[in-house]
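Asker: Model the full assembly from the supplied sequences, consistent with the hints where possible.
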Amino acid sequence: MATEPIDMEMAGTCINEFGSAIGMPQLCGEWFGNQIFWLVVALVAIYFILSRIALPRIGAVLAERQGTITNDIAAAEDLKVKATEAEAQYDKALIDARAEAQRIIEAAKADIQADLDKAIAKADAEIAAKSAESEKAIAEIREGALKNVEDVAKDTAQAIVAALGGSADAKTVSAAVDARMKG
Amino acid sequence: MATEAQGEEAGGLVFHPMDQFIVEPFFGDGAVSWYTITNATVWMALAVLAVFVLLVLGTSKRAVIPSRMQSVAEMAYGFIYKMVEDICGKEGVKYFPYIMTLFMFIVFANFLGLLPMAFTPTAHISVTAVMAFAVFFGVTILGFVKNGGSFLRLFWVSSAPLALRPVLALIELISYFVRPVSHSIRLAGNMMAGHAVIKVFAGFAAIAAIAPVSVLAITAMYGLEVLVSFIQAYVFAILTCVYLKDALHPHH
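So the sequence lines, in the order shown, correspond to chains Z and R.
First residue of the first sequence: 1, per the numbering used here; consecutive thereafter.
First residue of the second sequence: 1001, per the numbering used here; consecutive thereafter.
Note that these hints are calculated values from the structure, not bench results.
Don't take every hint at face value.
Label-pair ranges, simulated between beta-carbon atoms [what the hints assert, rightly or not]:
(1) K1061(R) x A88(Z): 42 to 48 Å
(2) F48(Z) x V1093(R): 17 to 23 Å
(3) S1071(R) x A88(Z): 24 to 30 Å
(4) V1215(R) x F48(Z): 38 to 44 Å
(5) R52(Z) x L1164(R): 46 to 52 Å
(6) I69(Z) x Y1222(R): 35 to 41 Å
We treat Cβ as the ideally placed atom computed from N, Cα and C, and that holds for glycine.
Answerer: This is the structure in C-alpha cells:
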C-alpha cells in the first residue's frame, strides 16, 4: 500500500503519478513474475517444513496418544477384571463364613438339645420314682384303711350281738363279717 | 488511504479501495522484478513463519497431553487428514502433505491479510491461479499416470442414456477445463471483494455523521471476512480433494 507519492518515472502502467492503483492491481502483468516466484518459494518452504518435520511429528504424537489411550483402557479392563475377581472372592468368603456360622449354630443347638434331653429323661425318671413311691404309700394307706374298717366292723358286730343278748364268739362274728364284706 | 490525499481534492471523500493490493518493493523504491523482495514476499514469508510456529514450534514438546497450541496444530492436522481420507479414500492419504501445504498457506495468508495495513497474497489472481493450475495439472497428469487412457472415462457418463452421453461428455470436458479458473477466482475474488468493501466503508468514515455507521459496518464486514478467510481456505482444500478423487477414481 502506497503511503507516499511515487515519482513520475517510477509510476508504471499499474500505478498513477499519485501512487494509486490504475484499475485492478491483480491484473497488472508487471507483478505476476514476482508474486509467482515468491509463491513457489513459500509453498516449497511450507511443503518441506510440513513433510519433513511437522506432519511426521504430529502423526507420531497422535499415534502415541492413541497407543497410550489403548494401553490405559486395557489396564483399566485388567483392573476391572481383578476387582471382579476380588469381589467374587469376597462373596465366596462371606458365603463360607455364613455356612460356618450355620454349622456352629447347628452344633450348639444339637449339644443343647442333647443336654436338654438328658435332663428331661432324668427328671422323668425322678418323677416316675417319686410317683411309684407315692402310689405305694397310697396303697399302704388304703390297705390300712380297709383293715381298720374290717376291725371296726367286727368289733361293732360283736358289740351289737352282745347288746342283743346273744353271745357269739369272736371267730364266728369275724367270719360272718368277712363273708358280708366280700358280698 | 486518507493520508495520501495530497494532490487530490482536499476535504472530499477519497476512495482508493484497490491501493491495498499494490505490489511494491519492501526495501526502498524501484522497479518490481521477479526476485525483488516486495510486500507480497514479506506477507508470504510471514505465512510460512506462522505455519512453522504453529506446526513445528507448537508441537516441539510432543506432549501426550497437548498444550493449547499443540492441540490447535493437531486439530488442523486431523481436520485436513480426515477430509483427504473421507473424500479420496486410503490411496489419497499419500497426497495429504500437498493438500495440507495449500490449506495452511491459504489459511494463514488469509488471516494475516486481515491485520490492518497487511497485504493479502491470496487476493491476487496470479497467486491463486498458480495454485489452482498446479492442482489442475497435477491431478490431470496423475489421472493419466494412474489410469492410463481409462482416465478419459471421467467424461463418459456411463449411467446416462447412450444418446445423451456425447452431449454430457462435452459438458463434462468444458467443466473440467473451467475448474482451475473457478478454483482460483473463487478464492481471489472473495478475498479481494471483502478487503475492498472494508476500504470503501473506511473511506466513508471521513464524514463525521456517517462515521459510527461506517465503523459498525467495518466491524461487521471484518467478522464476515474472518469467516470467509477460513471457509475459502477450506473450500480450496476440499475442491483439491474432489479433483484428486476424480484422478484416483475416474469412474462415475
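Asker: Next step is simple, just say for each hint if it's right about the structure.
Answerer: Outcome of the hint check:
1. At roughly 44 Å, the beta carbons of K1061(R) and A88(Z) sit within the given window of 42 to 48 Å.
2. At roughly 19 Å, the beta-carbon separation of F48(Z) and V1093(R) lies within the given 17 to 23 Å, and the hint holds.
3. Between S1071(R) and A88(Z) the C-beta distance comes to about 42 Å, which lies outside the given range of 24 to 30 Å.
4. For the pair V1215(R) and F48(Z), the supplied restraint of 38 to 44 Å holds, since their beta-carbon distance comes to about 43 Å.
5. A hinted range of 46 to 52 Å for the beta carbons of R52(Z) and L1164(R) is consistent with their spacing of about 49 Å.
6. The beta-carbon spacing between I69(Z) and Y1222(R), approximately 40 Å, falls within the hinted interval of 35 to 41 Å.
Hint 3 alone, counting from the list given before, is not met by this structure.
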